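Residues per chain, in single letters:
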Amino acid sequence: MADTMAPQMAQAAPGAHPGATKRDFLKLTTAAFAAVGVAGIAWPFVASMSPSRDVLALASTEVDIRPIATGQAITVMWRGKPVFVRNRTAEEVQEARAVPLSELKDPATDQSRVQRDSWLVMVGVCTHLGCVPLGQKPTDAKGDFNGWFCPCHGSHYDTSGRIRRGPAPSNLAIPDYAFTNDTTIRIG
Amino acid sequence: MAIGLHDSQVSNPVLRWIDQRLPVVTMMQKEYGTFPTPRNFNYFWNFGALALINLVIMIATGIFLAMNYQPHTAHAFDSVERIMRDVNFGWLIRYVHMNGASMFFIVVYIHIYRGMYYGSYKKPRELLWMLGVVIFLLMMATAFMGYVLPWGQMSFWGATVITNLFSAFPIVGPEIVTWLWGGFSVDNPTLNRFFALHYLLPFVIFGVVFLHVAALHITGSNNPLGIEPKGPQDTLPFHPYYTIKDSVGIVAYFALFALLVFFMPNYLGHPDNYIPANPLVTPAHIVPEWYFLPFYAILRAVPDKLGGVLLMFGSILVWFVLPWLDTSKVRSMRFRPVARIFFFLFIVSFFVLMWAGGKPAEQPYVIISQLATAYYFLWFLVLLPVLGKLEKPLPLPESIAAAVLGTKAVLGGGPIPQAVAAKPMEKA
Ligand code: HEM
Ligand code: FES
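For the protein sequence lines, the chains are A and B, in the order given.
For what it's worth, the working numbering labels the leading residue of the first sequence as 1, then goes sequentially.
For what it's worth, the working numbering labels the leading residue of the second sequence as 1, then goes sequentially.
Please keep in mind that the hints were generated in silico from the structure rather than gathered at the bench.
All values reported here derive from a predicted model rather than from experimental measurement.
Fair warning: there could be bad hints in the mix.
As the list claims (entries may be wrong) - Below, simulated DSBU-like cross-link-like pairs (lysine-lysine); rule was C-alpha separation at most 30 Å, straight line:
#1 B:K230 x B:K123
#2 A:K105 x B:K359
#3 A:K137 x B:K123
#4 B:K359 x A:K142
#5 A:K105 x A:K137
#6 B:K389 x B:K329
#7 B:K359 x B:K245
#8 B:K230 x B:K329
#9 B:K230 x B:K389
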C-alpha cells in the first residue's frame, strides 16, 4: 500500500505512526470494503457448483430385501453410488465379531455398524479413492479377510466392511437407512 | 510523422496506415524479425514453437468436436461414437485432438527438461520459468477434464479417483469433493462443468503463454552454453535463421503426429475407454493417460492417503522453487560434470516412475516406485542445493562467438553465414 505521493499531500497523523496518514486509512478501508464486496459477489458462483435442489431431492432409495437369501448380496444405486446390501451368514457375523478392536485400523465394533445382525448395509465405495470394491458376487475376489477387495490400489475389507489392509484410511461408510418394515429398507 | 501516429518504417501503404495507428507490424518485426537470438541454439530450442503450434491445433480441433459433442451422461458416449462414424471427417478431427494431447505432452516434457538441463530457470528467467509451470498445471487440468468427456469407463473412473484425491485433506476434504462433483458422485453435473472448463482453460493457457513469451522477450533466450550474449557477434536475427530452424523441427513433428493419427491412433489410449461408463463396476486395472503416470506412481508409492496426495502435488510444485534450489552459478549442465550425471539419473527416475505408474499396485512395482520417488525428491531437495556449492564447474567459454567460431571470433568474426557454415550448430 506504499504510495510515495501520500506523505507530502496529506498531513501526517500526529503521534504514534509516523508516516501513516489519513489517506492511508481511507485506502485501507476502501480496499477492505472492496474485498468484502468481491467475496459477496463470488459466493453465488461458488455456491452454484454445490449439489442443486433436484440432485438433493433424489437422495433416498427404497430396497425390497425379500429376494436376498442368506449369504447373498445385492448392489443398489443411491445418489449415483453403489450401496451394498448383504444378508450375512452366521459364520460371517461370528468372524466379524471375533476380531479384537486393537487389530483394526479404524476401530468399530460390528454391532455399531448394523441395525439387524445379519443385514450389512454400506456405501460400496472404497474410502481410498472411490473405486467399487469386489466381493458382491460369489465369484469375486473377497480379499484376505473374506469381505471385499478393492482392486484399484489393493484395500482389503472384512465381513463387517472394515478396512484391514491397504491404503484406504477408513471403513466402508454406513449410509443413513431404516427398516421401514421387515422386508424393506429405505436408504437416505 | 503526423502527430499522434507511430513512426512506421513499413513501405506498403495499407500496412503502413495500420502500423501507424496500431504498430503490430513494427512489433512483429522487432520481436520475431530482427529479434537478437543466441547463434548457438540446438534443436532443443524448437520445442517452444512446437508447443504453441500444438496449442493452436488443440483449440482448432476442439472447437469442431464441440459442434458435435453432447455433454450429457446419456448422450456423451454415443455422440463421440457418432463423431467417429457419421460426422464427415469426424474420425480425423477426433484422432488429431486425442493424439494431439499426447503430442502436446511429449513436446512440453522435452521443453521442460531442456530448461532443466541448460539451467534456463536461473536468474533472470525465474518468472518466465514459473509461468511455464503454471502452463503445465493448466495443461494437466485441461487434459484430465478432456479425457472425462467421452464418458467411457476410464473417463468415469479416472474422474472418480482423481477428484477423490481432494478427500484426503482433513475436515474440508469431503466437502470439496461434493462441491467439485455438484452431487454425491461423478455424474451429469460433473460432466457439464468439466466440458465448460475444458472449453475455457485452453484460452486461459493462451493468455499465460502470451505472458510467458512476453517475459522471454525481456530477458532473451538462454542457450546451450548457458552464458549471456555479450554483443552482436553472439546473436543472429530470429528471421530467417530460427524461423527456418524451427521449420525443420515442425516438419519432423508433423511426421510423428501423422504417424500416430493415421497408423496407430489408439496406441497411446486405453481400450476400456471404448466401454460406456458404468458407475457400478470399476475396471480391474485403472490407469491414467501415459503423461500422468509418473505422478500417479508417486501417489501410489506412499502407503498413506494424504501423504501420497501431498507428495504427488509436491512433485510438480517443487518446480516453482527450482530457481532457488539450484545454488550453482553455472547454468548449463555441459559445464557441470558431476551434477550432469545425477541429472541423467533424475531423468531415469522420471521414466521409471512412468513405467511403474502403469503397473498394478503390487510388488515389486511398489518398491521400485518408492525408490524412484525418493530419488526424484533427493535430486531437487538435496543434490541440487548441495552440488551447487561443492562441485567445481568446467571453465566457461569467453563468449558464445568464441565457443562457436573459435579463433575467428577473436579476430572480429567473419561474415556471419560463412562462419556458421564453417562450424554448423551442433545437436547437443
Ligand atoms: C490445451 C488444449 C487441450 C487439450 C490438452 C485437450 C485434451 C483433450 C483430451 C485428452 C480429450 C479426450 C480425447 C478422447 O479420448 O476422446 C479431449 C476431448 C475433447 N475436447 Fe479437448 N483438449 C484441449 C483443447 C480443447 C478445446 C479448446 C476444445 C474446444 C471446445 C476442446 C473440446 C473437446 C471435446 C468436445 C472433447 C470430447 C470429444 C472427444 O472425446 O474426442 N478441447 N480433449
Ligand atoms: S480406490 Fe480402493 S484402494 Fe484405492
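Discussion item. With the threshold set at 30 Å, check whether the alpha-carbon distance from A:K105 to B:K359 stays at or below it.
Written reply: Roughly 27 Å separates the two Cα atoms, so the pair holds.
Fill in: Agreement of A:K105 and A:K137 with the hint, judged by alpha carbon distance not exceeding 30 Å
holds, 26 Å
Discussion item. Next pair to validate is B:K359 with A:K142; report whether the Cα-Cα distance is within 30 Å.
Written reply: holds, 21 Å
Worksheet entry | Given pair status - B:K389, B:K230, alpha carbons within 30 Å | holds, 26 Å
Discussion item. Would the hint linking B:K389 and B:K329 be met if the CA-CA limit is 30 Å?
Written reply: holds, 9 Å
Worksheet item: Do the alpha carbons of B:K359 and B:K245 lie within 30 Å of each other, as the hint requires?
Response: Since the Cα atoms of B:K359 and B:K245 sit roughly 39 Å apart, the hinted pair is violated (cutoff 30 Å).
Worksheet item: Within 30 Å, alpha carbon to alpha carbon, are B:K230 and B:K123?
Response: holds, 16 Å
Discussion item. So if I understand the rule, the pair passes when the alpha-carbon distance is 30 Å or less; does A:K137 with B:K123 pass?
Written reply: violated, 61 Å
Worksheet entry | 30 Å Cα cutoff - pair B:K230, B:K329 | OK: B:K230 and B:K329 at ~18 Å, within 30 Å.
Taken one by one, the earlier hints fail for this structure at numbers 3, 7, listed in ascending order.
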